[in-house]
Amino acid sequence: MSGGWPVELREGDVVLRPIRLRDQRAWQEASRRNRDWLRRWEATVPPAPTGRTAGPRPTYRQMVRYLRSEAAAGRMLPFVLTYQGRLVGQLTVGGITWGSMCSANIGYWIDEAVAGRGIMPTAVAMAVDHCFQALGLHRIEVCIRPENRPSRRVVEKLDFRSEGMRPRYLHIDGDWRDHLVYALTAEEIPEGLLRRWRLR
Numbered sequence: 007m008s009g010g011w012p013v014e015l016r017e018g019d020v021v022l023r024p025i026r027l028r029d030q031r032a033w034q035e036a037s038r039r040n041r042d043w044l045r046r047w048e049a050t051v052p053p054a055p056t057g058r059t060a061g062p063r064p065t066y067r068q069m070v071r072y073l074r075s076e077a078a079a080g081r082m083l084p085f086v087l088t089y090q091g092r093l094v095g096q097l098t099v100g101g102i103t104w105g106s107m108c109s110a111n112i113g114y115w116i117d118e119a120v121a122g123r124g125i126m127p128t129a130v131a132m133a134v135d136h137c138f139q140a141l142g143l144h145r146i147e148v149c150i151r152p153e154n155r156p157s158r159r160v161v162e163k164l165d166f167r168s169e170g171m172r173p174r175y176l177h178i179d180g181d182w183r184d185h186l187v188y189a190l191t192a193e194e195i196p197e198g199l200l201r202r203w204r205l206r
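Just so we're aligned: the sequence shown equals residues 7 to 206 in our numbering.
Errors might be hidden in some of the hints.
Claimed, not checked - The calculated label-pair distances, taken between Cβ atoms and stated as ranges, are:
1. G101 <-> R71: 13 to 21 Å
2. A78 <-> M171: 28 to 36 Å
3. P62 <-> R31: 17 to 25 Å
4. R23 <-> R206: 41 to 49 Å
5. N154 <-> Q30: 20 to 28 Å
6. P196 <-> T56: 45 to 53 Å
7. P196 <-> R46: 19 to 27 Å
No lab work stands behind these hints: they were computed from the structure.
Fair warning: this is a prediction, and the values are worked out from it, not measured in the lab.
Note that CB positions come from ideal geometry on N, CA and C, so glycine has one too.
Generate the whole structure from the sequences, applying the supplied hints.
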């Protein structure tokens with residue numbers, strides 16, 4: 007991914023930049039303030055087959071070290087989202103696959119206090135353009151629980167194509183949950199997704 011990471015992407019007051027250890031206080035404060043807003047959509051670890059409970063959640067520092075190592079290996083782009091200089095969310099391009107597939111998936115969350123202002127669609131559009139134009143990926147997927155209307159509105163505003171349901175796709179909020187699949191390929195947006203979003 008030479009030239010594709012680390013990178014800072016900016017559109018007005020909306021900025022995506024690599025997550026840092028020194029973001030800990032702001033990240034934890036945003037996560038704590040939005041706990042009820044986000045809990046239903048957060049990934050969880052399924053119980054081990056023997057019935058043993060999962061170990062403790064990783065600390066912030068462990069999480070950042072893991073994300074950075076995945077980025078260094080070319081498998082992930084771990085961004086934080088800032089708006090008007092304040093950390094308001096996170097966007098991760100994950101599951102980056104090269105070779106004959108050249109694809110990735112995007113996951114995201116945003117502070118409820120700034121949701122609905124077009125911030126996350128702008129961030130997703132910037133990330134998709136970076137993946138297609140700078141990295142040379144071909145396909146981006148976003149998988150969302152059917153009940154998560156705010157998250158679905160993000161991809162619908164950006165005209166992602168709906169590709170149907172993946173039953174029991176991810177372990178979320180303590181159980182295996184169905185997810186709707188949305189996708190775009192590079193050929194569908196030759197002009198760039200951010201440009202198309204700006205013109206809406």
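The hints, checked one at a time:
1. G101 <-> R71: 13 to 21 Å: Cβ of G101 to Cβ of R71: about 19 Å, so the range 13 to 21 Å holds.
2. A78 <-> M171: 28 to 36 Å: Cβ of A78 to Cβ of M171: about 34 Å, so the range 28 to 36 Å holds.
3. P62 <-> R31: 17 to 25 Å: At roughly 21 Å between Cβ atoms, R31 and P62 fall inside 17 to 25 Å, so the hint holds.
4. R23 <-> R206: 41 to 49 Å: 25 Å, violated
5. N154 <-> Q30: 20 to 28 Å: For N154 and Q30 the Cβ distance comes to about 27 Å; the hint holds.
6. P196 <-> T56: 45 to 53 Å: Holds, at about 51 Å.
7. P196 <-> R46: 19 to 27 Å: 37 Å, violated
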